[in-house]
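Participant: Chain residues, written in single-letter form:
Number of protein chains: 2
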Amino acid sequence: MSRCRIKPRTGTSFIIKKGQYLKVTDPEGQQVSDMLAYNAADKREYISSGRSFDYASRIFLTTGDVLYSNRSRQLMTIVNDEVGRHDFTLTPCSKDTFRIIYGDKQPHHGCQGNLERALARHEIEPDNIPCAFNIFMNVDVNGRTGEIKVLPPLSEAGQSVTFRAEMDLIVALTACSAGQSNNFTYKPIDYEVLNTLTVEN
Amino acid sequence: MSRCRIKPRTGTSFIIKKGQYLKVTDPEGQQVSDMLAYNAADKREYISSGRSFDYASRIFLTTGDVLYSNRSRQLMTIVNDEVGRHDFTLTPCSKDTFRIIYGDKQPHHGCQGNLERALARHEIEPDNIPCAFNIFMNVDVNGRTGEIKVLPPLSEAGQSVTFRAEMDLIVALTACSAGQSNNFTYKPIDYEVLNTLTVEN
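Here the protein sequences line up with chains A and B, keeping their order. This note's numbering puts the first residue of the first sequence at 304, with every later residue one more than the last. This note's numbering puts the first residue of the second sequence at 304, with every later residue one more than the last.
Keep in mind the hints are simulated off the structure, nothing from the lab. Warning: the hint list may mix true and false statements.
Given that identical chains are not distinguished, each listed pair holds provided it fits within a single copy or across any two copies.
To be verified - Straight-line distance between alpha carbons at most 20 Å, and here's what the computed EDC-like set of lysine to aspartate or glutamate pairs gives:
#1 K346 with E428
#2 K326 with E459
#3 K398 with E348
#4 K452 with D368
#5 K346 with D430
#6 K398 with D430
#7 K346 with E426
#8 K310 with D407
#9 K490 with D430
#10 K490 with D471
#11 K321 with E495
#12 K320 with E495
#13 K326 with E495
So here's chain A without its partners, still in its complex pose:
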């Protein structure tokens, strides 16, 4: 498959097969991509932040860490991470996020809206969108107070993270719509589905 581009403030979905690789690239730098994954054979099985945190004993996941499902099965493994900082605590930005946090009077539908549209063709309901793996999202966590701050991503132009699918998956990806997440510049996200892993040094 050739490299695909997700336009700013949009999203997409696709199938990847067990053993294939998904490479997500930030082409311009400082952009976030919310990722969801569902078992293609049974969409009631989906990516679970809580299970993944528990088994990694860490809330920041990187190379070697596994994204687990709600059924405690392995969905994806992070096999190459050029950035090293992603978020897995927050739900996708939405109309309500923009209304409640930003005070927007006519809020954008956000990553939530884009994911809903992208997943509708797989008959996945909006209510079945859990916490996303927010690629490149840089959420500072104060370990004493629990306070979180959404900071500009650490990703530089051209940096990527690559996942191996551990089962056949429906994957949805966005180019994030929230200003706070991407330093108030709405940019695209690139992705490729690969049959073999090539790590450039």
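Fit chain B to the supplied structure of chain A, relying on the hints for placement.
Facilitator: Chain B in isolation, oriented as in the chain A frame:
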């Protein structure tokens, strides 16, 4: 309603009405209670850690904080918290938790199993059990590395946390089954549903 007791390593579920209060007490100290909440009128709406973190801008929630649903609506407000430390990042302990983390050969069904049983009578499927609000669970988070450590709860015998229901809710509660969460002593949890709030000083 009189005070009810959840026996060690079990769970329960019940309905609370909008405006009623749920008081959860740790009768012996250092015990955890995993709590889930669903909109009683539409069970597809459920408690969401990601939405709640986003709107609080904090991952440790206490008095005054709101537990939001996946639809960004208010489910419960924490109105009185005598302990001040709870977890909202982890999914309920399960057979798989005990197998993967503890290496148990014949694992207990855990809070997940108890919640599944308690929610079955409301026709809520096991797959629809998200990250729980883990009352009194003390999870240390290293803000630099993201490493998490499950420590003994800070709750002393008789201390409680009280929630106000912001809509009619199906609530499920456990007396936690995981040794790591309760300093390896499996104890009961008490709860009351109250029509008025009485705060003792």
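Participant: Please go over all the hints and tell whether each is borne out by the structure.
Facilitator: The hints, checked one at a time:
no., hint, result
1, K346 with E428, "both (10 Å within a copy, 13 Å between copies)"
2, K326 with E459, "within (15 Å within a copy, 49 Å between copies)"
3, K398 with E348, "between (26 Å within a copy, 17 Å between copies)"
4, K452 with D368, "between (24 Å within a copy, 17 Å between copies)"
5, K346 with D430, "both (13 Å within a copy, 10 Å between copies)"
6, K398 with D430, "within (14 Å within a copy, 26 Å between copies)"
7, K346 with E426, "both (9 Å within a copy, 18 Å between copies)"
8, K310 with D407, "neither (22 Å within a copy, 47 Å between copies)"
9, K490 with D430, "neither (27 Å within a copy, 35 Å between copies)"
10, K490 with D471, "neither (29 Å within a copy, 42 Å between copies)"
11, K321 with E495, "within (15 Å within a copy, 48 Å between copies)"
12, K320 with E495, "within (13 Å within a copy, 49 Å between copies)"
13, K326 with E495, "within (5 Å within a copy, 51 Å between copies)"
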